[in-house]
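S.K.: The numbering of the sequence shown is the UniProt record's numbering, which starts it at 1 and goes up by one.
No lab work stands behind these hints, which were simulated from the structure alone.
A portion of the hints provided could be inaccurate.
[Claimed, not checked] Simulated pairs of lysine-lysine, DSSO-like, Cα-Cα distance not exceeding 30 Å:
id	residue 1	residue 2
1	Lys330	Lys364
2	Lys427	Lys375
3	Lys352	Lys12
4	Lys375	Lys363
5	Lys121	Lys301
6	Lys427	Lys23
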Amino acid sequence: MTLTIYFDQSSKALYIQIYEQIKQLIQSQQLVEGSKLPSKRLLANQLQVSIHTVQIAYEQLTAEGFISSRERSGYYVAPFLDEWRIKIFPKQEEVIINDVSDSIDIDFNSGQIAYNHFPFKTWQKITTNLMRADMTYHSPWQGERSLREQICQYVYLSRGVSCTVEQIYICNGTQSQLSLLCRYFGPTASVGFEEPGFSRAYSIFNQYRMNIVSIPVDALGMSIPEEPLSLLYTTPAHQFPLGMIMPIQRRYALLQWALQTDAYIIEDDYDSEFRYSGKPIPSLHSLDYQDRVIYFGTFSKALLPSLRISYMILPNELVNDFNDFYTEQKSTVSRIEQLSIAEFMKQGHWDKHLGKMRTLYRKKRDILVTQLKLKLGENVQIIGENAGLHLIIHLKLNISEASAIQRGMECGVKIYSVSHYYHTSPKNTLLLLGYGGLNEEQITDGINLLANAWIG
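Generate the whole structure from the sequences, applying the supplied hints.
M.R.: Set out below in structure tokens:
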């Protein structure tokens, strides 16, 4: 089989471009369940890259459940993906009546960031210096120690997370971390999941056939489960997608429940770097004195999404058994990128960059909130605006979600469905607006266009 992979001139590593394009082929069903992929050697020869580059891409696809390896046979597109893609979480675009995506001028995409403010020259200098060193060997499977040391310091100072370097695991994003946990805990484990919640995380739990129990989200965040569970996945710093920040009383209640039921809480500290009002609330992990919290963090939002580097901090009591379970596991994370982030943090650029971006995003948030109030007034309720790079609006007009999105598309503005993240239809018309990748003029123009489209 021949795969058509095109390399662009972006800053993305080659293995990331291979991974993303194969993933897209699978998601678009151009590669269907059971399709055999080229061998690592064959694809490497075809693309004129190293076998190691292809191996990293294949390992990442395997970790996320898109492909599976068969001993002495090769790699194949994994089963169940078509069913998951169609039935569990339909694509956001499916609520749109007519596709006019080619005419989109302003995209309120929550996954975009302000790339033009990233210190590329500093980053390039660091990576260039590192490339002169010996880069011929693999990273330890838990990740480069220098990066884990920097993370250990950072999470303690910023989030109150006390851990050792041995508890930290460097991964290729949230889905990779969840895949590791799912294989470790096994299909007999039950997991509580926020309703609504992060669809890509849900898909990983479903892929591994775990028993998923939907836990409603109220004004305080995830509710306390009414039954014992093995795991609980939650985003307390900025609930995704609704955006509420879980108060400390609810956090203590969740920890008490975990202790009483012998469960582990997966705390995805999503958007914790970007909080714009009120005093910071301690992470669940910092409040946990019984070793019940598995902590997730990432560099994607604050640095570059293309880096795809995240970290997981396990309870100390799980570390030895977890390492024994993965005794043959190898790191799939770029060594040069790990070392670059470690040096970036060590030299003080990380803290400086975070402060700069926090100020920038707060300003964008303020403009968006001001424009929503000015142009739409009492026709909208703004939800979840105190943190992160997106907010939710409850549209109080007599317009359905699909119609609101369609009207926006027709005037060149793309906004996003929230029902996409529910299993049951939400009672209200809720819409997601990301602002990290837009400039001030685009935000202002976008809301003006939406207001005209919705109320004239």
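S.K.: Give a verdict on every hint.
M.R.: These are the hints, each one checked on the structure:
1. For a cut-off of 30 Å, the pair hint linking Lys330 to Lys364 is broken: about 41 Å separates their Cα positions.
2. The hinted pair formed by Lys427 and Lys375 meets the criterion: a straight-line CA distance of about 24 Å does not exceed 30 Å.
3. Our distance criterion of 30 Å between C-alpha atoms is met by Lys352 and Lys12, whose separation comes to about 23 Å.
4. Between Lys375 and Lys363, the direct Cα distance comes to roughly 18 Å. Compliance with the 30 Å bound is thereby established for this hinted pair.
5. A threshold of 30 Å between alpha carbons decides the hint, and for Lys121 with Lys301 the separation of about 19 Å falls inside it, so the pair holds.
6. Restraint check: the Cα-Cα separation between Lys427 and Lys23 comes to about 34 Å, which exceeds 30 Å; the hinted pair is violated.
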